[in-house]
Amino acid sequence: MQDKSLLVDEQGFQRTLTRLAHEILELNKGSANIALVGIRTRGDFLARRLARKIQEIEHRELQVGVLDITLYRDDLRGKLNQPLLKGTDIFFDVTGKNIVLVDDVLFTGRTVRAALDALIDLGRPATIQLAVFVDRGHRELPIKADFVGKNCPTSSDEEIRVLMNEVDGEDAVVLVRKGRE
Amino acid sequence: MMALSCRHLLGLDGMPKKDIQTILDTATSFREILERPIKKVPTLQGKTIVNLFFESSTRTRTSFELAERRLSADVVNFSADASSVKKGESLKDTARNIEMMKIDMVVIRHAAAGAAHFLSRVINANVINAGDGAHEHPTQALLDMYSLRERLGKIEGLHVCIVGDISHSRVARSNIFGLRTMGADVSVCGPRTLIPSDIETLGVRVFHDIDAAIADADVLNVLRIQLERQESALFPSLREYRSYFGITRERLEKSKRQITVLHPGPINRDVELSADVADGEQSIILQQVLNGVAVRMAILYLLGTSA
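Quick mapping for you: the protein sequence lines, in order, are chains A and B.
Per the numbering used here, the very first residue in the first sequence carries number 1; after that it's consecutive.
Per the numbering used here, the very first residue in the second sequence carries number 182; after that it's consecutive.
Same shape as in the complex, but just chain B (with noise of 0.2 Å):
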């Protein structure tokens, strides 16, 4: 009647728009028990939930663990620096270990793309993407989706332009994935060095003038930029990735739309956005945060409730 159609949320690519939908309507209820003053239900109780994390991650890592709490599961968290993995185990090794302490379902970040999906393939247990090299990391991409629904009333029809990185970045590849199954317009504006040469092929339109996508957009879904991208000379300096592609309160009042800007965290104040924008009313990154902890609650019920 209602679960989703797959076992794993691996990646947003190829989703059915039904299991999409699905996902942002459950959080709606799991947004109103964040409002209440005992923020949490017996749902998962006695499931086993692990947190694998091979890359440091604290934001993401908090909201998973925050949601899984607040379903009653059993949480067990498993960083790579202090694990067997610095012994040298490879990851399916690590996961038949852990499999074999009866686990109900994993919540993996990994520096390869891939290694959810190949976590899925050699374990039971129900696999969560977190975020796989420059693959994917749909759990983001959802609460981007649910936020933007949740302030704009739709997706479907919306212009979302994704500034920044986009070539070292899973998070734009899962909201390409998802907005464009949901009906809305995506381009993504960046510098040529950051941006795939292929990428139109995913369905997007492309802008290397940040005024004239900012002109023709409705959301800017501004990425981070990696300081270290900068030492593999993908872009000159900070202070010209700014002048160029950097989002201002100017910028934005150039256009006669109120634009709605989304931040996936954490941000570079003054680089990528600056401070008055990233504070002003334009912004829902707050929102995000809270929503994230609702939209990964939904996973894990559909996920961790279905037959």
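So that you can see chain A by itself, here it is in the shape it has in the complex (with noise of 0.2 Å):
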């Protein structure tokens, strides 16, 4: 059996993303020369909410892309279902800019390590910065986020969903309990 339970409802959901637009532009001290890079899937949509946050304060259209980091991944080796390549979409040049990295949830860091392999492989950006929208814990390499959405310690056999309406029909975080047998 599972035991679902809400973290973040529609509402705190916008105030996250809105705090999060904030500390992006705080810490670059404006967007002038900042990009954002979705993390295919969920973390492109979050990378677009983020893009139009940041364009509704600073008034300024902001270069967004996304990637695919499939063919990155340490574990395609014996995987049993061959995830599907969808592509990267990066239309501007990311040499000399500072890219905020986005995926909805940070886990082991293996994701991000693929990321930031896959990013390097496009050009030199002057700083790559990574935002989350859930850090859940459990890390398997030295990798820590710069702009965090929300902290949830979780335990092993619990799942973090980040839902959102692009793709969910809502917005939402939710703590998923796999029931043991």
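The set of hints was computed from the structure by calculation and includes no laboratory data.
Some clues are possibly wrong.
Below are the PhoX-like pairs computed for lysine-lysine, each with C-alpha atoms no more than 20 Å apart in a straight line [stated by the list, open to error]:
#, chain 1, residue 1, chain 2, residue 2
1, A, K86, B, K221
2, A, K29, A, K86
3, A, K86, B, K273
4, B, K199, A, K86
Both chains come to you apart, so use the hints to assemble them.
As structure tokens, then:
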């Protein structure tokens, strides 16, 4: 059996996004040289939302790209389900930019490791920063986020799901406990 | 969720539409990688691939080798002239020896039809057919279809006419199988001596008059005329072949449609294809070469990373 609990509701989701947008602007002293890169799939939607928030604050268009890290994963072999390759769409030069990587959940850190490699193959950004909506702990690599929406300490038999309107029909964060037999 | 339904790429005969679609869609992602400053991803790191070429080939081997290296695989080239084949070793023994060296994938080209199928039965590595006799050359047909889809936005419903020596062409056979599966209307055109008499059983129409074929086609896939066929008296002379079947600007201009021209290379300029057509706007021959690397990367990725 599964047990679900709501950690962030629709309103909380909006407030967190707004705060993240302000934090990104504060650290970078404005939006002049930043670009957002979302990690497929939900990081992509989060990056677009954050870009819209930042545009509302700064009245300036932001460059947004999307990264497919499939080819850089360290667990490709032996996976039963080969992930669908959807491709990277970054139509601007990353060299010299302050790139904010965006993902929904920070967990082992392996996705971010792959994303860093993928990004560096595209050019030489001035800085790479990491923004995540939820940090759930259990890191396996020395990786830390610069911007965190919500810290949710979890146990390993729990799962965090960030739901987004674009794909899930609602904005929310839920914690799912997988029941033990 | 996504993987191909097979462990090897031996031919397009009987390959499900879903698999062809998966390969073409995946190739789009690799096309993007080829446009980057660093044209390399670490996906097949630690995998070893042997290119086993019993027939000489520069283009296909180079294309495969680039695809393999861009996926970070370790690559070993093995060609027939400099090998134990000359000393009389059988294909099975060669394969078993190579397998003992712990390789993960084999790309094979061989003059005998069925060589890739045979290999896939005797070794454990993934096998990719890079041309077996006059049987199949699946990666060429896949890159042809990819290039068509890129240029024309679709494959279904197009009339593709394959022109030239159909009897001896593995490119023609793989194209016929793949294009038919993808819903294209396929025809062949060439001298009677170079078209198998029962070719209609593969579901294609036959033209012996190139102008009639051009009047109806959206795409011409022009095959290379092997000069040695003339010695076996299958057509009287290159000049005669050119005047009856050579694709020229004047011939294409008679058609009301904008015809797209493909050629698997290398071209005999001004024999099967006039130079102005080969270099003209309607030709996507150089795109085919670029797409060949992307399509081969997609196949290597899909076969090399599936469980």
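Verification of the supplied hints:
{"no.": "1", "hint": "K86/A / K221/B", "result": "holds (17 Å)"}
{"no.": "2", "hint": "K29/A / K86/A", "result": "violated (33 Å)"}
{"no.": "3", "hint": "K86/A / K273/B", "result": "violated (39 Å)"}
{"no.": "4", "hint": "K199/B / K86/A", "result": "holds (16 Å)"}
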